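Top to bottom, those sequences are chains A and B. Residues 1 to 102 in my numbering are what the first sequence spells out, letter by letter. Residues 103 to 289 in my numbering are what the second sequence spells out, letter by letter.
There may be inaccurate statements among the hints.
[What the hints assert, rightly or not] No farther apart than 25 Å at their CA atoms in a straight line, the calculated lysine to any residue pairs in the SDA-like style are these:
#1 A:52 / B:165
#2 A:68 / B:144
#3 A:58 / B:232
[Unchecked claim] For the chain A half of the interface with chain B, some residues (derived, Cβ under 10 Å), not all of them:
#4 22
#5 24
#6 27
#7 71
#8 75
The set of hints was computed from the structure by calculation and includes no laboratory data. Computed from a predicted structure; not experimentally measured. Every residue, glycine too, gets a C-beta built ideally from N, C-alpha and C.
Chain by chain, the residues:
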Amino acid sequence: MTSAMSNPLLVSPTRAAFLGVLVNTRLVETSFFAEHFVLTMEETAEHLSALKDAGYVKERRGTFGIGKRRWHRITGHGQVDFAAHLELVISSAGTERPSDSG
Amino acid sequence: MRAELPVPAAPTTERVESFSTCVILAQVDTATAEQHLVAINGALRAGFEASIAPIRDRYWFGIAALGPAAVLWRATWRFDGRGPWAAEFTVLRVLAAVLALVALGALVSYVADSDRTVVPLAPVMGGPTTRWLFLASFAMSFGVVFSMGLVEFVDYRPLALLSYVVLAFVPRYAYRRHSTALRESYP
Numbered sequence: 001m002t003s004a005m006s007n008p009l010l011v012s013p014t015r016a017a018f019l020g021v022l023v024n025t026r027l028v029e030t031s032f033f034a035e036h037f038v039l040t041m042e043e044t045a046e047h048l049s050a051l052k053d054a055g056y057v058k059e060r061r062g063t064f065g066i067g068k069r070r071w072h073r074i075t076g077h078g079q080v081d082f083a084a085h086l087e088l089v090i091s092s093a094g095t096e097r098p099s100d101s102g
Numbered sequence: 103m104r105a106e107l108p109v110p111a112a113p114t115t116e117r118v119e120s121f122s123t124c125v126i127l128a129q130v131d132t133a134t135a136e137q138h139l140v141a142i143n144g145a146l147r148a149g150f151e152a153s154i155a156p157i158r159d160r161y162w163f164g165i166a167a168l169g170p171a172a173v174l175w176r177a178t179w180r181f182d183g184r185g186p187w188a189a190e191f192t193v194l195r196v197l198a199a200v201l202a203l204v205a206l207g208a209l210v211s212y213v214a215d216s217d218r219t220v221v222p223l224a225p226v227m228g229g230p231t232t233r234w235l236f237l238a239s240f241a242m243s244f245g246v247v248f249s250m251g252l253v254e255f256v257d258y259r260p261l262a263l264l265s266y267v268v269l270a271f272v273p274r275y276a277y278r279r280h281s282t283a284l285r286e287s288y289p
């Protein structure tokens with residue numbers, strides 16, 4: 001199976017949703033995630049850090065707007081694994097829970 | 103959105119590699135998969151909506167001053183800065199410089215004040231496009247590049263005005279229609 005399935009990182013719907021935001025955009029600032037998902041900045045940074053460590057997200061610091069801001073973009077690896085994860089979720093949503101034989 | 107799925111207790115690398123399918127599929131049952139889908143759909147929509155938000159008007163009206171600045175500066179190429187045209191030459195150059203400063207100031211203000219938290223995907227990078235976006239980019243090209251060329255054949259005064267009107271209003275209108283068209287076509 002694909003690496004997305006074997007990666008427990010995306011079992012968290014919040015992290016999968018973070019990738020969902022990034023896949024339609026070029027750059028997203030940290031505060032957008034915090035605001036949209038009603039998370040604290042620490043929680044947001046934690047999720048983003050996990051995605052960054054997995055190679056799904058790259059961070060870039062910029063001065064667009066006042067002060068230094070952290071921008072994030074999805075990597076090619078992240079796009080592939082997110083697509084695989086989405087496929088798994090879609091197929092699972094329409095199927096019964098697999099038996100313990102797996 | 104805050105709710106997290108139950109993560110397998112301290113999954114070791116071996117466990118994940120050996121039982122990747124059953125471990126994750128066991129977690130992603132129908133209910134949790136639906137929960138995932140709702141979260142992902144909401145996120146996809148949020149990213150999409152934020153990325154097509156148009157630029158604020160007050161900045162755009164200032165940035166559009168770049169058009170007449172370019173036209174006036176190009177118009178001075180006709181003169182050598184001496185003789186009976188010297189005064190007009192100076193006025194045009196000064197006016198072009200002032201307009202360029204206004205445009206630059208608006209651009210700097212936009213960058214400094216921007217509370218934008220999402221940068222959209224450009225069409226060349228796979229971002230969505232419509233005929234309205236094409237019109238917006240054509241209007242921006244017309245407002246600066248074509249107008250500069252037309253100065254050779256047309257009086258610069260109406261052309262400077264036309265370039266400002268085209269730059270200030272057409273791309274804004276076209277981008278709004280582009281956003282609307284994308285929003286309506288979003289599945």
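### Query
Does the interface hint hold: is residue 75 (chain A) within less than 10 Å of chain B, judged Cβ to Cβ?
This interface hint is violated because 14 Å lies over the 10 Å limit.
#### Entry: Satisfaction of hint between residue 144 (chain B) and residue 68 (chain A), Cα-Cα up to 25 Å
violated (28 Å)
### Message
Does the closest beta carbon of chain B sit nearer than 10 Å to the beta carbon of residue 71 (chain A)?
### Response
Holds. Min distance 7 Å.
### Task
Answer holds if the nearest beta-carbon of chain B is closer than 10 Å to that of residue 22 (chain A); otherwise answer violated.
holds (7 Å)
#### Entry: Distance restraint between residue 58 (chain A) and residue 232 (chain B), which requires alpha-carbon spacing of 25 Å or less
violated (29 Å)
### Task
Answer holds if the nearest beta-carbon of chain B is closer than 10 Å to that of residue 27 (chain A); otherwise answer violated.
holds (4 Å)
### Message
Hint check: residue 52 (chain A) vs residue 165 (chain B), CA-CA at most 25 Å. Holds or violated?
### Response
violated (36 Å)
### Hinted contact residue 24 (chain A) with chain B - closest CB pair below 10 Å
holds (4 Å)
This entry does not satisfy hints 1, 2, 3 and 8, going by the numbered hints stated previously.
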